[in-house]
Amino acid sequence: MKDKQALILTVNSGSTSIKISVFDSETESLVLHGTIERIGITNSLFQFKNREGEIIAEELLQLKDHDEAIAKLFSFLKKHRLESSLLAVGHRIVHGGQLFQEPRLVTSEMLENLKELIPLAPDHLPSQILAIESFRKHIPQTKNICCFDTAFHRTIPHYARLYALPKSLRNMGIIRYGFHGLSCEYVMEELQKKEKEKAWGKIIIAHLGGGASLTAVYNGQSMDTTMGFSPLSGLIMGTRCGDLDPGAVLYLIKEKGFRATELYDLLNKQSGLLGLSGKSPNMKDLLEDSTKEAKEAVDTFVYQAKKYLGAFITILNGLDILVFTGGIGENSSEIREKICKNLDCWAIQLDPIKNQAHNEIISTEKSTAKIRIVKTNEELIIARRTLQLFRQGTLTL
1386 MKDKQALILT
1396 VNSGSTSIKI
1406 SVFDSETESL
1416 VLHGTIERIG
1426 ITNSLFQFKN
1436 REGEIIAEEL
1446 LQLKDHDEAI
1456 AKLFSFLKKH
1466 RLESSLLAVG
1476 HRIVHGGQLF
1486 QEPRLVTSEM
1496 LENLKELIPL
1506 APDHLPSQIL
1516 AIESFRKHIP
1526 QTKNICCFDT
1536 AFHRTIPHYA
1546 RLYALPKSLR
1556 NMGIIRYGFH
1566 GLSCEYVMEE
1576 LQKKEKEKAW
1586 GKIIIAHLGG
1596 GASLTAVYNG
1606 QSMDTTMGFS
1616 PLSGLIMGTR
1626 CGDLDPGAVL
1636 YLIKEKGFRA
1646 TELYDLLNKQ
1656 SGLLGLSGKS
1666 PNMKDLLEDS
1676 TKEAKEAVDT
1686 FVYQAKKYLG
1696 AFITILNGLD
1706 ILVFTGGIGE
1716 NSSEIREKIC
1726 KNLDCWAIQL
1736 DPIKNQAHNE
1746 IISTEKSTAK
1756 IRIVKTNEEL
1766 IIARRTLQLF
1776 RQGTLTL
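All residue numbers for the sequence shown refer to my numbering, where the first residue is 1386 and numbers rise by one.
Simulated from the structure, these hints should not be mistaken for laboratory data. Quick reminder that beta carbons are idealized off the backbone N, C-alpha and C, glycines included. Just so you know, not all the hints are guaranteed correct.
Said to hold, decoys possible - Straight-line Cα separation of at most 20 Å, SDA-like style, residue types lysine to any residue; simulated pairs:
1) 1434 / 1762
2) 1760 / 1577
3) 1669 / 1623
4) 1739 / 1705
5) 1463 / 1420
6) 1404 / 1415
7) 1755 / 1765
8) 1579 / 1691
9) 1641 / 1660
10) 1691 / 1731
11) 1464 / 1452
12) 1680 / 1698
13) 1726 / 1698
14) 1677 / 1663
15) 1691 / 1726
16) 1583 / 1701
17) 1677 / 1665
18) 1522 / 1495
19) 1723 / 1676
20) 1755 / 1698
21) 1723 / 1762
22) 1691 / 1712
23) 1677 / 1705
24) 1457 / 1469
25) 1755 / 1722
26) 1463 / 1419
27) 1404 / 1426
28) 1755 / 1586
29) 1739 / 1729
30) 1654 / 1595
31) 1664 / 1623
Stated by the list, open to error - Cβ-Cβ distance ranges computed for the label pairs, FRET-style:
32) 1449 / 1492: 44 to 54 Å
33) 1776 / 1753: 16 to 26 Å
34) 1440 / 1692: 37 to 47 Å
35) 1719 / 1557: 40 to 50 Å
36) 1746 / 1606: 38 to 48 Å
37) 1401 / 1646: 15 to 25 Å
38) 1703 / 1426: 47 to 57 Å
39) 1629 / 1487: 23 to 33 Å
40) 1463 / 1745: 36 to 46 Å
Using the sequences and the hints given, assemble the complete structure.
Given below as structure tokens:
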């Protein structure tokens, strides 16, 4: 490693884990990738791999909180003489509300504003803010940048953002925000490299994983997406219910005595594929399971995805490219085949051989729309956005 190598570090902080990637700012190549898991739980795992995927550090520790985990990270960075090479740290932030619609330099004022958004994403923002505060504490000379998962969807037309609720509630921020925006940004940049003019046409991005969403894009801008006020709505997900009639929620409260905390846990952690199957939130497990419940879970997931796919093709008045990304979208040929089946009315055709081989392009030559697989890289898009602020002179580093 060159002594003068300038690095960007990206952070994706969860409630009990932190994922870290280190990129060379000149080549965008991955230098290191690390995970800190089971934070606040016994036997926390600290692991780092080099660019070749070889484990260069691995320990089982007792890390009581994010601050201890990040202190351990800084010790590792110092040991490998990386700390002084950091240009900046980029953080994935799941929710920017209406205030943050582009990457932002972290300041004390900005951080206080971000804390006010915690009620919008109580499972994500607290740990992400803790990570920012720890980085500012341990390496105060290094700037921190927030990249928001909601920002890509700022272009959604006003009428598509609205719920049919009184304006007073809209003024409280109850509108459709959309998520998986960093993944969408990466996919669009890849398409613009490979598809040129078509990349500015009518695109649908199917980000299918533990969380799942479809996004309609035209002229490089988000026009609509399946997730709304929270990442709970839209498609069926691993443990999240997706779209649900609010009347069912009111019934559970009024007639069955459910409390808000119980409903939150039910809809976010006990529903989706797990709730339908009664067995697993993992699509691979369900596809290998021959039981009626597993088949129903898969069929319902596919049906919802096809329903939104048809709706978004109508909104776009056609389709140039359908992109599959995310863990399921990238790796499950069976789910891709099921979703693309019977799209004959639009002459969209999947090539079964290309699909089984997980080729980059999996549509037939006769298909009116290209069907692509794009392996998403949210960490790299965070690094790019962080570096762009630096190169534009927005940051004084």
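Checklist entry - Tell me, which hint numbers fail for this structure? => result Numbers 7, 8, 12, 21, 23, 32, 33 and 36 - these are the hints that the structure violates, sorted from lowest upward.
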